[in-house]
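Protein chains in written order, with my numbering: chain C, 1 to 384; chain W, 1 to 339.
What the hints contain is simulated information worked out from the structure, not anything from laboratory work. Hints are supplied without guarantee of correctness; some may be wrong.
Using 20 Å as the maximum straight-line C-alpha spacing, the simulated SDA-like pairs for lysine to any residue come out as follows [as the list claims (entries may be wrong)]: (1) W:K224 <-> C:G380; (2) W:K224 <-> C:V308; (3) C:K146 <-> C:G186; (4) W:K224 <-> C:R370; (5) C:K304 <-> C:L9; (6) W:K224 <-> W:Q282; (7) C:K322 <-> W:Q282; (8) W:K224 <-> C:R384; (9) W:K224 <-> C:R379; (10) W:K224 <-> C:E371; (11) W:K224 <-> C:G375; (12) C:K205 <-> C:R384; (13) C:K322 <-> C:L357; (14) C:K322 <-> W:G274; (15) W:K224 <-> C:I372; (16) C:K62 <-> C:T104; (17) C:K62 <-> C:E108; (18) C:K322 <-> W:Q230.
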Amino acid sequence: MLQFDPVTLPDNTVALRAEVRRFLGGCADRLDAPNSDFSTGHDAEFSAALGRRGWIGMTWPKTYGGGERSFFERYVVTEELLAAGASVGAHWVADRQSGPLLLTWGSEDQRNRYLPAITRGESFFSIGMSEPNAGSDLAAVRTTAKPVDGGWLVNGTKLWTSGAHRNHYMIALVRTAPPSGNRRAGLSQLIIDLQADGVDIRPIKNMAGGEDFNEVVFTDAFVADADLVGEPGNGWAQVTSELGYERSGPERFLSAFRVYVEFVRLVQADPSRVAAAAVGRIAAHLMALRRMSISVAGMLERGKAPNVEAALVKELGNNFEKLLPEIARLAAPFEEPFVGNGAGDRSRFRQTYADTLLLSPSFTLRGGAREILRGVIARGLGLR
Amino acid sequence: MRQVLLDTAARILQDGCTKADLDTAELGEFPGPLWRTFCDQGFHLMALPDSGVELGDAFRVLRVAGRFAVPLPLAEALLANRWLRGPGDGLNVVGRWLGDDAPGGRSAAPRATEAASAGSAQEDAGVFVEVPWGRAAQSVVGVAADGTLWAAAPSGVQQGANLAGEPRDQVGADAVRPLACREPVLALLALSRVALSAGALERVLEFGVGYVQEREQFGRPLAKFQAVQQMLAATAAEVAAANRAADAAIDAIGDERFELEVAAAKARVGEAVGVVAETVHQVHGAMGFTYEHQLHHFTRRLWAWRDEYGNEAYWQARLGRHICSLGAEQVWDFLATRS
Numbered sequence: 001m002l003q004f005d006p007v008t009l010p011d012n013t014v015a016l017r018a019e020v021r022r023f024l025g026g027c028a029d030r031l032d033a034p035n036s037d038f039s040t041g042h043d044a045e046f047s048a049a050l051g052r053r054g055w056i057g058m059t060w061p062k063t064y065g066g067g068e069r070s071f072f073e074r075y076v077v078t079e080e081l082l083a084a085g086a087s088v089g090a091h092w093v094a095d096r097q098s099g100p101l102l103l104t105w106g107s108e109d110q111r112n113r114y115l116p117a118i119t120r121g122e123s124f125f126s127i128g129m130s131e132p133n134a135g136s137d138l139a140a141v142r143t144t145a146k147p148v149d150g151g152w153l154v155n156g157t158k159l160w161t162s163g164a165h166r167n168h169y170m171i172a173l174v175r176t177a178p179p180s181g182n183r184r185a186g187l188s189q190l191i192i193d194l195q196a197d198g199v200d201i202r203p204i205k206n207m208a209g210g211e212d213f214n215e216v217v218f219t220d221a222f223v224a225d226a227d228l229v230g231e232p233g234n235g236w237a238q239v240t241s242e243l244g245y246e247r248s249g250p251e252r253f254l255s256a257f258r259v260y261v262e263f264v265r266l267v268q269a270d271p272s273r274v275a276a277a278a279v280g281r282i283a284a285h286l287m288a289l290r291r292m293s294i295s296v297a298g299m300l301e302r303g304k305a306p307n308v309e310a311a312l313v314k315e316l317g318n319n320f321e322k323l324l325p326e327i328a329r330l331a332a333p334f335e336e337p338f339v340g341n342g343a344g345d346r347s348r349f350r351q352t353y354a355d356t357l358l359l360s361p362s363f364t365l366r367g368g369a370r371e372i373l374r375g376v377i378a379r380g381l382g383l384r
Numbered sequence: 001m002r003q004v005l006l007d008t009a010a011r012i013l014q015d016g017c018t019k020a021d022l023d024t025a026e027l028g029e030f031p032g033p034l035w036r037t038f039c040d041q042g043f044h045l046m047a048l049p050d051s052g053v054e055l056g057d058a059f060r061v062l063r064v065a066g067r068f069a070v071p072l073p074l075a076e077a078l079l080a081n082r083w084l085r086g087p088g089d090g091l092n093v094v095g096r097w098l099g100d101d102a103p104g105g106r107s108a109a110p111r112a113t114e115a116a117s118a119g120s121a122q123e124d125a126g127v128f129v130e131v132p133w134g135r136a137a138q139s140v141v142g143v144a145a146d147g148t149l150w151a152a153a154p155s156g157v158q159q160g161a162n163l164a165g166e167p168r169d170q171v172g173a174d175a176v177r178p179l180a181c182r183e184p185v186l187a188l189l190a191l192s193r194v195a196l197s198a199g200a201l202e203r204v205l206e207f208g209v210g211y212v213q214e215r216e217q218f219g220r221p222l223a224k225f226q227a228v229q230q231m232l233a234a235t236a237a238e239v240a241a242a243n244r245a246a247d248a249a250i251d252a253i254g255d256e257r258f259e260l261e262v263a264a265a266k267a268r269v270g271e272a273v274g275v276v277a278e279t280v281h282q283v284h285g286a287m288g289f290t291y292e293h294q295l296h297h298f299t300r301r302l303w304a305w306r307d308e309y310g311n312e313a314y315w316q317a318r319l320g321r322h323i324c325s326l327g328a329e330q331v332w333d334f335l336a337t338r339s
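So here's chain C without its partners, still in its complex pose (with noise of 0.2 Å):
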């Protein structure tokens, strides 16, 4: 019903996979990150290194700063990278999305402009798409861009922005034209400058204690001609063409891997029955997800647009990150009160789960909703 093909990664990830581990051997002051989570450390130096060593924009092609190499070259570099918990947030959207969307629809002198600073880890993107009004009903976008002269006026507010207040360029879903009877006609994607004048970006305070998220407020800001992406109106296909890219990536089962990781460190020395069952429950877990991830990676690599797939791998992902941290904290031996003192392995493991656990409740709301994926999941098995 739903295939997902075993893969097996080529021969020459083995070599690719060693390199990024040995990049990161060498840079262990950067990765003790409680959590490993793609979007909460937003590290600019880290990024211009990952630059020069081809990491960034690996599948593009070369006239554009790209590596030309494979998608599966492109997800060993990315679980590497996460699963060591390393700071992948300023480069990531730029990377997966924006990138692969300018390669699909861009002008020549989009891609020109833009890629070459994105692959060298210098030029980071933000997702345009949440509203006020417009969260998981995309179409109900109501930011306008009203034709001017030489290019386009924008006002309107975008919400739930990450990294609006470090990165460089937001890719915008805009209205170009009035609502009609169809709700998806009249979209348009624009390129806006976040430094550009009438725009104004206000960070919001997540639960977490973290300032990731923005609300970016556009009052008269000009667009030019030249930073429309594809076809005026032509936004709703652009949009949803980026989905297989976001949604089945190794990010969206890893967020909680260095609970897991802390979690082994406290039981391994005499698992009990329960603590070794819950190792390797997630363990179980780990390997499906990340083979149905590669399959998608395979499919991306044939040219084809596995959404549907992508969908389920996403849904799956997101429902065990959350399950992760919980098998780890019925598991761990903390059932006494007032036993231990909570030093060493213990503080490492409460740090990073409570660090997870804060992060949680976007895992399954950020890149679309769960609801909403089960949606395009139950479009894919002819339910609607």
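Chain C is fixed; fit chain W onto it per the hints.
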């Protein structure tokens, strides 16, 4: 070649596994015609080392058999014939040797040479339990707690069944003889449950998807209700994960990590079974709770199979202990070594 094999199996099963066939088998009547068709096509010898069929393909046939809730002890017959080598024409099945020790009170595994020379020296009597269709068997291969294999002709059968109504008999044996075997016996048996379950899970999902499109309430098909769509989407995700896990374990036959891959698959598939059976029964309403509907032949087997040859907890702990022995710093490497 593989596809021809699987298609042939599917055709045989399609004809021989109707609801009526499943009902009759549950009454305890061995489905002889279906078994003979399999034998005529050579399927019963498929898992022999020199059969010309990859062992993995035998398990892929089992996955197809799971799609039809096959009312035969196909898995145990294939593996018994593999381990007996010269199996003859009758039904041979694998069961469990009752007791903590191997026959004769020995707990050491007989080595190939030792077993060959020991030959008829072992004449212990005893009991095999959980023997699928022991009542119809010509000989039984019993797995002892230490993983050694012992064969005997049945003498006296006490009938029993698992919660799916599949015969699981207790079989007496007057004279057991050791079988030489260096294979991970328990893991292969567990893999048979993984493969059967993967196929059955897929079929159960299809029942659910089909039913909600036909059944109308409140003036529209159940499929049009978001709550129903959400349930089946989550179910489809579990089925997809279970099948990917099953594939990985089948592909790992002969690999040094085989037992660990089986552990991961048995654990993952078992977890999927709970979710899938629950939700697909729920969308079928009371109709799916009747004996008249075929759904229970599949869900009851899934519930039985997840406990046979080690449940999730057993295999999770086995996999978990291995990972603990590697240590926290090696966890990622263990997970990322194989795709």
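Which constraints among the numbered hints does this structure fail? Numbers only, ascending. Result: hints 7, 12 break, sorted rising.
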